[in-house]
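Going down the list, the sequences are from chains A and B.
Reminder that position 106 of the first sequence reads as 501 in the working numbering, one-by-one numbering, no gaps.
Reminder that position 58 of the second sequence reads as 71 in the working numbering, one-by-one numbering, no gaps.
Wrong hints could be hidden among the right ones.
[As the list claims (entries may be wrong)] With a Cα cut of at most 25 Å, we get these calculated BS3-like pairs of lysine-lysine: (1) B:K21 <-> A:K582; (2) A:K416 <-> B:K116; (3) B:K51 <-> A:K582; (4) A:K416 <-> B:K120; (5) B:K21 <-> A:K576.
[To be verified] Just a few of them, taken from the derived set where beta-carbon distance is under 8 Å, the chain A residues facing chain B: (6) L405; (7) G406; (8) Y411; (9) Q414; (10) G415; (11) V422; (12) L480; (13) I555; (14) R556; (15) T571; (16) N584; (17) L586.
Worth flagging that the hints you see were computed from the coordinates, not collected in a lab.
Model, not experiment: these values are computed from the prediction.
Don't be surprised by glycine CBs; every beta carbon is placed ideally from N, CA and C.
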Amino acid sequence: MTAMILGKKLGMTRLYNEQGKIEPVTVVLAGPCTIMQIKTMDTDGYMALQLGYEDLKKSRCKKPQTGHAEKSGASVKRFVREVRLDEESQQQPGEEVTVEIFEGINYVDVTGTTKGKGYAGVMKRFGFKGMSASHGTERKHRHPGGIGSNSGSAGTGRGIRKGKKMAGHMGHANHTTRNHKIVAVDKENNLLMLRGAVAGPRNGYLVIRNSKTKV
Amino acid sequence: MVSNLIDKIEETQLKKNIPEFRIGDTVDVHVKIVEGDKQRVQIFNGTVIARKGKGINESFTVRRIVNNEGVERIFPLHSPSVANVDVKRSGFTRRSKLYFLRKRAGKAVRLREVWTDRKK
Chain A
396 MTAMILGKKL
406 GMTRLYNEQG
416 KIEPVTVVLA
426 GPCTIMQIKT
436 MDTDGYMALQ
446 LGYEDLKKSR
456 CKKPQTGHAE
466 KSGASVKRFV
476 REVRLDEESQ
486 QQPGEEVTVE
496 IFEGINYVDV
506 TGTTKGKGYA
516 GVMKRFGFKG
526 MSASHGTERK
536 HRHPGGIGSN
546 SGSAGTGRGI
556 RKGKKMAGHM
566 GHANHTTRNH
576 KIVAVDKENN
586 LLMLRGAVAG
596 PRNGYLVIRN
606 SKTKV
Chain B
14 MVSNLIDKIE
24 ETQLKKNIPE
34 FRIGDTVDVH
44 VKIVEGDKQR
54 VQIFNGTVIA
64 RKGKGINESF
74 TVRRIVNNEG
84 VERIFPLHSP
94 SVANVDVKRS
104 GFTRRSKLYF
114 LRKRAGKAVR
124 LREVWTDRKK
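Please model the entire structure based on the sequences and the hints provided.
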């Protein structure tokens, strides 16, 4: 079964484990989420739970959002995501999902939106080495160098291959980091302490899912 | 509110009674070492040459000379493996970081001793 919850990154700190070693952790305020809708084979063609996290101010609610939320008796949520299921859900719309679903789970995958870096060159964006600082290089120190020819020698043929790594927008994209160990769970305050860094700024929204590869 | 929650988490990790010591003190650091299932305490003796950081991130550096070779160890102040810090001598210093000791050898490493109430 997929255990999934929505949350918010609070920041990072360090905790000491039983061996007295430091564990760097990200503190995530996870849930409680409300089940907004249950999608079934009959009505939607696939099975899923729709979770909502964090209330929206009433004046900022749009009418379709209000209507959708009313069906489950929940308030309008700012961050809404789906969990795909393998079998019909036994839960009811309007029910809450809390960090308790991670009981017995040791590792999680975390999806967030990375910090936006703006329009970045190839050195920052793809780790290119740039060009020589000296040896006659003029005003091209951070350039990518050659990007292919028109002759087709490298299979490129006319023009440049699609997907060629070049300068462009960097960051503000979905990013998943896998296998974060759950160091501690605070049920009272809905907190998850996950080992390592996760994508995004403080207060950025996160999707936390049980690990795909590790138990 | 957000940072409050992190502060609270950090508070639970802090030690209640931090041993009192200063820059320039010669100290015995009692370090808990786990070998297999046995635990023992090792003592690292040396001069405190720096204290950095705040709260849970606070650490201190202890320098000693072993076989004519300078050895420095950095301890997180709040680490559970640092069982105790025992002040043996207090040295007089006007600086908060004694990095100049790294360039000194032999007798020049010594600091003028300061006698305080803490030492009876």
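Results of checking the hints against the structure:
| no. | hint | in the structure |
| --- | --- | --- |
| 1 | B:K21 <-> A:K582 | holds, 14 Å |
| 2 | A:K416 <-> B:K116 | violated, 32 Å |
| 3 | B:K51 <-> A:K582 | violated, 33 Å |
| 4 | A:K416 <-> B:K120 | violated, 36 Å |
| 5 | B:K21 <-> A:K576 | holds, 21 Å |
| 6 | L405 | holds, 5 Å |
| 7 | G406 | holds, 5 Å |
| 8 | Y411 | holds, 5 Å |
| 9 | Q414 | holds, 6 Å |
| 10 | G415 | holds, 3 Å |
| 11 | V422 | holds, 6 Å |
| 12 | L480 | violated, 31 Å |
| 13 | I555 | violated, 46 Å |
| 14 | R556 | violated, 45 Å |
| 15 | T571 | violated, 23 Å |
| 16 | N584 | holds, 6 Å |
| 17 | L586 | holds, 7 Å |
Hints 2, 3, 4, 12, 13, 14, 15 from the list above are not met by this structure, while the remaining hints are.
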